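K.L.:
All chains, please: the whole structure from these sequences, using the hints.
Heads up, the sequence shown is in the working numbering, so the first residue is 1 and it goes up one at a time.
Because the hints were derived from the structure by calculation, they are not lab data.
Because the structure is a prediction, the values reported are computed rather than measured.
The reader is advised that the hints may include incorrect statements.
Heads up, simulated SDA-like pairs for lysine to any residue below, C-alpha to C-alpha not over 25 Å straight-line [stated by the list, open to error]:
1. LYS105 - ASP154
2. LYS111 - GLN136
3. LYS175 - ASP154
4. LYS175 - MET71
5. LYS193 - ALA209
6. LYS32 - ARG211
7. LYS111 - ARG163
8. LYS96 - LEU158
9. LYS32 - THR58
10. LYS105 - ARG161
11. LYS32 - ARG161
12. LYS67 - LYS32
13. LYS96 - MET71
14. LYS175 - LEU158
15. LYS32 - ILE213
16. LYS32 - LEU158
17. LYS175 - GLN15
18. LYS96 - TYR65
19. LYS32 - ILE178
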Amino acid sequence: MPATPVYIVCSPRPQSGKTLLARVLSEFLLLKDGQVLAFDVTLREPSLLDFLPQITETATIEDTYGKIQLMDRVILNDGIAKVIDLGYYSFEEFFKMSEEIGFLKEASRRKVVPIVLYCAEGDRVSMRAYDALRRQIPRQQLVVVENEHVLREDLPELYSRSRHLRIAALPAFLKTYIERFSFSFTGYLRQEKDPSTELYQWIRRNYYALREIENELLMQRS
Numbered sequence: 001m002p003a004t005p006v007y008i009v010c011s012p013r014p015q016s017g018k019t020l021l022a023r024v025l026s027e028f029l030l031l032k033d034g035q036v037l038a039f040d041v042t043l044r045e046p047s048l049l050d051f052l053p054q055i056t057e058t059a060t061i062e063d064t065y066g067k068i069q070l071m072d073r074v075i076l077n078d079g080i081a082k083v084i085d086l087g088y089y090s091f092e093e094f095f096k097m098s099e100e101i102g103f104l105k106e107a108s109r110r111k112v113v114p115i116v117l118y119c120a121e122g123d124r125v126s127m128r129a130y131d132a133l134r135r136q137i138p139r140q141q142l143v144v145v146e147n148e149h150v151l152r153e154d155l156p157e158l159y160s161r162s163r164h165l166r167i168a169a170l171p172a173f174l175k176t177y178i179e180r181f182s183f184s185f186t187g188y189l190r191q192e193k194d195p196s197t198e199l200y201q202w203i204r205r206n207y208y209a210l211r212e213i214e215n216e217l218l219m220q221r222s
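P.N.:
In structure tokens:
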């Protein structure tokens, strides 16, 4: 069986654009594969569960039972891509747990490929968290996300050591439009008759970028 990807969308700070990326990623995987399983470890509104309740389960890492339940689900090489929308207040505990249980080593043994999508910012907290992550996560599996909705300046040189995924900013009226719980990125692509619209092109660019990341990483593990 081919390797199964597990995407961990994360940031040590709130309002980082993390859930927006988790939504786009989950809908892309659902369109590509016909199935995806997402885990919401944010539990604050708006959360992934609000936008994609059909494919999202709540998860917690606040106790041992919750940690075991989550890891037992994401360590399976069952061909179903997983997406973890990791809340900022669970960031440190999640990666501490991952290191303690040898998650990366066990994932490699089972042909599961963790891919960390780190929503980067230029503040000290974000830079320290990234510096710690790059010592734990293999370089090819750590992707720095440049979300122009959040960033107000260029990222520091520190982030140049990883692959980048750029999420372009949308005009305010379109950002408000996609923040409706009923909005679907794939649904918009299917219903919009004019492929030249800004939102159509934005969705397509993000889908293509995510496909390239997945193809390159999974080919390395095949």
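K.L.:
The structure should be examined with respect to each hint, and the outcome stated for every one.
P.N.:
Okay, the hints, checked on the actual structure:
| no. | hint | result |
| --- | --- | --- |
| 1 | LYS105 - ASP154 | violated, 34 Å |
| 2 | LYS111 - GLN136 | holds, 18 Å |
| 3 | LYS175 - ASP154 | holds, 21 Å |
| 4 | LYS175 - MET71 | violated, 33 Å |
| 5 | LYS193 - ALA209 | holds, 23 Å |
| 6 | LYS32 - ARG211 | holds, 9 Å |
| 7 | LYS111 - ARG163 | holds, 22 Å |
| 8 | LYS96 - LEU158 | holds, 22 Å |
| 9 | LYS32 - THR58 | holds, 23 Å |
| 10 | LYS105 - ARG161 | holds, 22 Å |
| 11 | LYS32 - ARG161 | violated, 29 Å |
| 12 | LYS67 - LYS32 | violated, 29 Å |
| 13 | LYS96 - MET71 | holds, 13 Å |
| 14 | LYS175 - LEU158 | violated, 29 Å |
| 15 | LYS32 - ILE213 | holds, 14 Å |
| 16 | LYS32 - LEU158 | violated, 33 Å |
| 17 | LYS175 - GLN15 | holds, 14 Å |
| 18 | LYS96 - TYR65 | holds, 16 Å |
| 19 | LYS32 - ILE178 | holds, 21 Å |
Comparing the model with each numbered hint stated earlier shows that hints 1, 4, 11, 12, 14, 16 do not hold.
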